[in-house]
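**Q** Each chain, letter by letter, is given below.
There are 4 protein chains.
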Amino acid sequence: MTTIEKRDRRYVEALCRRYRRWGAWGADDERGALNFITPEVLVRTGRIVSCALPFDEQSPHSGRFGGRHNPMHIMVQDGGDIAFGAQDHLNELRFTEDAVAMPLHCGTHWNALAHIFHQRRMYGGHGVEYVTSKGAARNGIEKVADGIAGRGVLLDMPGYFGVEWMQPGQAITSEDLAGAAREQAVEVGSGDIVLIRTGHIAKARAEGTWGSYEAGDAPGLGVDSVHWICENEVAAVCADTGEAEVRPNDTDEVFQPLQLILLVNAGIQLGGIFDLENLARVCAEESRYEFLFVAPPSPLIGAVASPAHPLAFF
Amino acid sequence: MTTIEKRDRRYVEALCRRYRRWGAWGADDERGALNFITPEVLVRTGRIVSCALPFDEQSPHSGRFGGRHNPMHIMVQDGGDIAFGAQDHLNELRFTEDAVAMPLHCGTHWNALAHIFHQRRMYGGHGVEYVTSKGAARNGIEKVADGIAGRGVLLDMPGYFGVEWMQPGQAITSEDLAGAAREQAVEVGSGDIVLIRTGHIAKARAEGTWGSYEAGDAPGLGVDSVHWICENEVAAVCADTGEAEVRPNDTDEVFQPLQLILLVNAGIQLGGIFDLENLARVCAEESRYEFLFVAPPSPLIGAVASPAHPLAFF
Amino acid sequence: MTTIEKRDRRYVEALCRRYRRWGAWGADDERGALNFITPEVLVRTGRIVSCALPFDEQSPHSGRFGGRHNPMHIMVQDGGDIAFGAQDHLNELRFTEDAVAMPLHCGTHWNALAHIFHQRRMYGGHGVEYVTSKGAARNGIEKVADGIAGRGVLLDMPGYFGVEWMQPGQAITSEDLAGAAREQAVEVGSGDIVLIRTGHIAKARAEGTWGSYEAGDAPGLGVDSVHWICENEVAAVCADTGEAEVRPNDTDEVFQPLQLILLVNAGIQLGGIFDLENLARVCAEESRYEFLFVAPPSPLIGAVASPAHPLAFF
Amino acid sequence: MTTIEKRDRRYVEALCRRYRRWGAWGADDERGALNFITPEVLVRTGRIVSCALPFDEQSPHSGRFGGRHNPMHIMVQDGGDIAFGAQDHLNELRFTEDAVAMPLHCGTHWNALAHIFHQRRMYGGHGVEYVTSKGAARNGIEKVADGIAGRGVLLDMPGYFGVEWMQPGQAITSEDLAGAAREQAVEVGSGDIVLIRTGHIAKARAEGTWGSYEAGDAPGLGVDSVHWICENEVAAVCADTGEAEVRPNDTDEVFQPLQLILLVNAGIQLGGIFDLENLARVCAEESRYEFLFVAPPSPLIGAVASPAHPLAFF
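Here the protein sequences come in this chain order: B, Y, V and H. Residues 0 to 313 in numbering that gives the first Met the number 0 are what the first sequence spells out, letter by letter. Residues 0 to 313 in numbering that gives the first Met the number 0 are what the second sequence spells out, letter by letter. Residues 0 to 313 in numbering that gives the first Met the number 0 are what the third sequence spells out, letter by letter. Residues 0 to 313 in numbering that gives the first Met the number 0 are what the fourth sequence spells out, letter by letter.
Treat the hints with caution; some may be incorrect.
As the list makes no split between identical chains, a pair holds if one copy fits it or if it spans any two.
[As the list claims (entries may be wrong)] Here are the simulated SDA-like cross-link-like pairs (lysine to any residue), alpha carbons at most 20 Å apart as the crow flies:
#1 LYS202 / GLU276
#2 LYS5 / ASP216
#3 LYS133 / GLN86
#4 LYS133 / GLY210
#5 LYS5 / ASN90
#6 LYS202 / TRP227
#7 LYS202 / GLU285
#8 LYS202 / LEU89
#9 LYS5 / PRO53
#10 LYS133 / LEU92
#11 LYS133 / GLY168
#12 LYS5 / ARG246
#13 LYS5 / SER173
#14 LYS133 / SER61
#15 LYS133 / ASP87
#16 LYS202 / PRO167
#17 LYS5 / ASP251
#18 LYS5 / GLU182
#19 LYS133 / GLN57
#20 LYS133 / GLU56
#21 LYS133 / PRO53
#22 LYS133 / GLY84
#23 LYS5 / THR250
#24 LYS133 / HIS88
#25 LYS133 / GLU96
#26 LYS202 / ASP7
#27 LYS202 / PRO157
#28 LYS5 / GLY25
#29 LYS133 / ASP55
Treat the hints as calculated values from the structure; they're not laboratory data. The model shown is predicted, which means the values in this text are computed figures rather than measured ones.
Using the sequences and the hints given, assemble the complete structure.
**A** Printed below as a string of structure tokens:
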């Protein structure tokens, strides 16, 4: 540490002017120095694709299903406060500040292994007494928060079926999954994270409304898809529907059977509301359905779900 | 899509038993199928290090500074509800559900370019009227939500200075940054994300209390660090202190001068409360201070900050 | 209901000027027409009637209008936690604990005098700079929190009109108000709190749905009702609709003209979503339309509205 | 203050049994001692005194105790938004809008009968399974929301003891209560709401800090006060401390014994954080310690507590 003298305001202002980059990447630029990033050969092309739905009041939830409402964004200090002098006690700098309140399933999310119980047991056989008002003492999302990152494989089911999007109620089988992988010339193996595109978000966009997206009928994985998923030792499965499995379920006797088989028993993370439209387009352009997939949950201690901002690296 | 018949409960239960992996990775396992992941040569060693502080009520905020309190985690359905029969109308499956309310700066976070104003202008010259109670209409965090991913470089300043941690009030200069990079045998260049370890979190842990971590004195970047940062075309800077710059600031005339120079003018993302302790240990073990760094903000529309769960890939 | 013509902006502005009371009780006054109240001896039988709608997720708001959602009730400790031993460190006693998050207009509520601006002025002539992200520095609800208690008078308009409930869009005039009071044999005078029943809640109940109750068409006070209200020196007006005035408004040139005339200029508290069904029944049984009316807002510092639990004492 | 010995668990349990009123007003009763209230003609002068502490971020809670933080007030639309044109689509009128998030015990509040359990039973003998994440299905605050209004009697204990305020740890006995009533020349009888002033808020104000007000030592009702309270058929008891009873409790074997005896068994509403300073002054001025007391909880369905804005009418 060099001994340094106290600087004055003019010095700071000179530095502000010297390093001002407003307009350096066009007048409309809002990404600043991130424009410098040109991802390297660590990953092959450096192309990055986001698989998250924006978190805002236009999200698909209405609060009708289990109290899942859209994220509420709250400004604690805003430009009006600055204009009216609320921060005039500060030298030069003014700031804005905000907060959010959101159900943890309300957008692109992973379920924790503590999210689902079968005969009063969650993954590992732990009982209901491990999830109290304080959160999950076992299988909380923080236990896997750094773990959902690895090789990702997109299976573009509408592409395989030759349709724009699958229809609500259409169930995907093990044979379908194997067929799609084959046609896409991609192998799926131990530790892969499999992303299932059904086109359900594309359909909602085409129709201009979320409609019953949050809890209604949807295409998705059927009971018979679990063989392919488990035998291939898939680490995690996510989809562009609410909870990845077909609705109505293809059994009347068990509600959301895949949550029981895959999450509670096989310990497979399940993710919902992933926006896979851009990803499918890029995979097609790159003729490549595998990528580095980084989608860490937040380390929310004891949470039974977490929003995520998943990125695919090509 | 193969035509498939409706399955019954016994079929689902058989699948549950068949694919049950409880105990497959030890009786205490809470990561499930993620154990299958063995990151490949996409990244060199596959070793992944989290740089996030856990989000919980033990976080460093008390609400005294600008209303920044710790995250509040809320259970909407828990094990008690299941035990008392609240979900007995569902076939077989039972679920837990939760929500969170949190200030967006309260843990490991990135500031949006809309977070700071200088002479009523934010990055790009936009005025205060662009941040209202509805959020930021310019430079909101969603504009860079998929952008904070690329080559990361850790500069371990206590390692360079030969101390356990830097002292509150100690300022880091451009010369210090260049010296640390040189000693660590790492080059810093255009587009890099630079992580500055001061040891401030290690100090809090050693003392067993956050004390004034949230808003008090801290080591960090001094005004004279901006030359090295800007001339090297660094894309983003984060640190293990509240807001990366030294407190008290090394000027009395400007509050938080680096926010003005780096964020408002040079458009450089600034991140705070990154936990860099494990990262420093791993960098030393690997003798390698560069890595793929993936730390996307959440796509919270109009937000002026976002929590993040940053991962370093070796 | 007299047939009435649509009024224009100049008409509303003339009424604003005519009934403006800024300064009538001193330049610093923030209590408005509540200054008229001089509580009397009114309680005779001890019969108490609640005029609040229950606060729960069955309330009329959906979040579509201005972010007004229903109250969210959150359990912090519940019976499940007790059953699972979370409080076993306590001797003998076990407790439950909860919290609420609610928009302040979402149920039975009073508007503060800081709720409405006309030509950038609120009651007393204070500008928009007095309401920042920190709340209202002038005319916040706490300024009248102990003031909304005194003689209450119910005007049962459907009773007067001989209908079950008024129709959406039907406007009440000064003549109607005078007529109803006359028929009910009740005098209205200085300091009275006037409760207007339109039957709009009865209609929603009969139809089994809130429908567009929160922000759609509604019966209510028309522009021409203000003469009777102001000339009688009424202290506060509330109704069983969202905001007491007829929707669509009976002028196309001014949105919610009564808020401008009565609240901004005459300083009269306006309350909405009061459930007056039981009250109307009891008034009829008692043949008495006056009562001690106690409906204090909460002393939420700087708030621009407050929920209330109004009680009428006979 | 009589010197009193520490009581044991059996003593408390005997009192619980002795004053148990489960079923006294029918097996389904959820209103407890409020059944004693028969409101009278009490209002004489019209003088009104508020007994609420302001609800704001200066309230006594820090979040350290059971997650009870101060109320958070959130502006949804404010003057800055109006100034920046966010509502320019509206004709003439501009509005502000807000919301609040608050623990229900965080300010002046009543406990519901569902707030406390003893041997897994609450008032009326209902089990823990009646309070789930959805709230209290029995004894929720809405069951008494219109009931806490009637004759109020202030017992000014520091006045009786001839001190400015009682000291933390000082316990009030039945004899003290009887003595204070006698000296104040007021009778206490069936259905009365008794307000106990200890001066604990006056002490905090004199010291300029809430200190450990929220959960630390406090003066208050001792175990031996319950005889006077129950035998007089008091309907509700509130005080100017957190939860009305002395801290540390005058038994080591039972935490908060009065909550068990009075609330769980005798069905007596208990209120805390009532600001009784003005009330004591007015009672002295009027030489009258009885008044009409109106302090309705909010009708928050299933809540186990509620903020209230209590008013005393002279």
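**Q** Decide, hint by hint, whether the structure agrees.
**A** Taking the hints in turn, this is what the structure says about them:
| no. | hint | result |
| --- | --- | --- |
| 1 | LYS202 / GLU276 | within (11 Å within a copy, 46 Å between copies) |
| 2 | LYS5 / ASP216 | both (16 Å within a copy, 16 Å between copies) |
| 3 | LYS133 / GLN86 | between (37 Å within a copy, 12 Å between copies) |
| 4 | LYS133 / GLY210 | neither (34 Å within a copy, 24 Å between copies) |
| 5 | LYS5 / ASN90 | both (15 Å within a copy, 15 Å between copies) |
| 6 | LYS202 / TRP227 | neither (27 Å within a copy, 49 Å between copies) |
| 7 | LYS202 / GLU285 | neither (24 Å within a copy, 47 Å between copies) |
| 8 | LYS202 / LEU89 | neither (50 Å within a copy, 29 Å between copies) |
| 9 | LYS5 / PRO53 | neither (36 Å within a copy, 36 Å between copies) |
| 10 | LYS133 / LEU92 | between (39 Å within a copy, 19 Å between copies) |
| 11 | LYS133 / GLY168 | neither (37 Å within a copy, 31 Å between copies) |
| 12 | LYS5 / ARG246 | both (12 Å within a copy, 12 Å between copies) |
| 13 | LYS5 / SER173 | both (15 Å within a copy, 15 Å between copies) |
| 14 | LYS133 / SER61 | between (26 Å within a copy, 18 Å between copies) |
| 15 | LYS133 / ASP87 | between (41 Å within a copy, 15 Å between copies) |
| 16 | LYS202 / PRO167 | within (10 Å within a copy, 37 Å between copies) |
| 17 | LYS5 / ASP251 | both (7 Å within a copy, 7 Å between copies) |
| 18 | LYS5 / GLU182 | neither (28 Å within a copy, 28 Å between copies) |
| 19 | LYS133 / GLN57 | between (30 Å within a copy, 13 Å between copies) |
| 20 | LYS133 / GLU56 | between (27 Å within a copy, 10 Å between copies) |
| 21 | LYS133 / PRO53 | between (28 Å within a copy, 15 Å between copies) |
| 22 | LYS133 / GLY84 | between (40 Å within a copy, 12 Å between copies) |
| 23 | LYS5 / THR250 | both (5 Å within a copy, 5 Å between copies) |
| 24 | LYS133 / HIS88 | between (40 Å within a copy, 15 Å between copies) |
| 25 | LYS133 / GLU96 | between (28 Å within a copy, 12 Å between copies) |
| 26 | LYS202 / ASP7 | neither (30 Å within a copy, 30 Å between copies) |
| 27 | LYS202 / PRO157 | within (11 Å within a copy, 48 Å between copies) |
| 28 | LYS5 / GLY25 | neither (35 Å within a copy, 51 Å between copies) |
| 29 | LYS133 / ASP55 | between (27 Å within a copy, 11 Å between copies) |
Comparing the model with each numbered hint stated earlier shows that hints 4, 6, 7, 8, 9, 11, 18, 26 and 28 do not hold.
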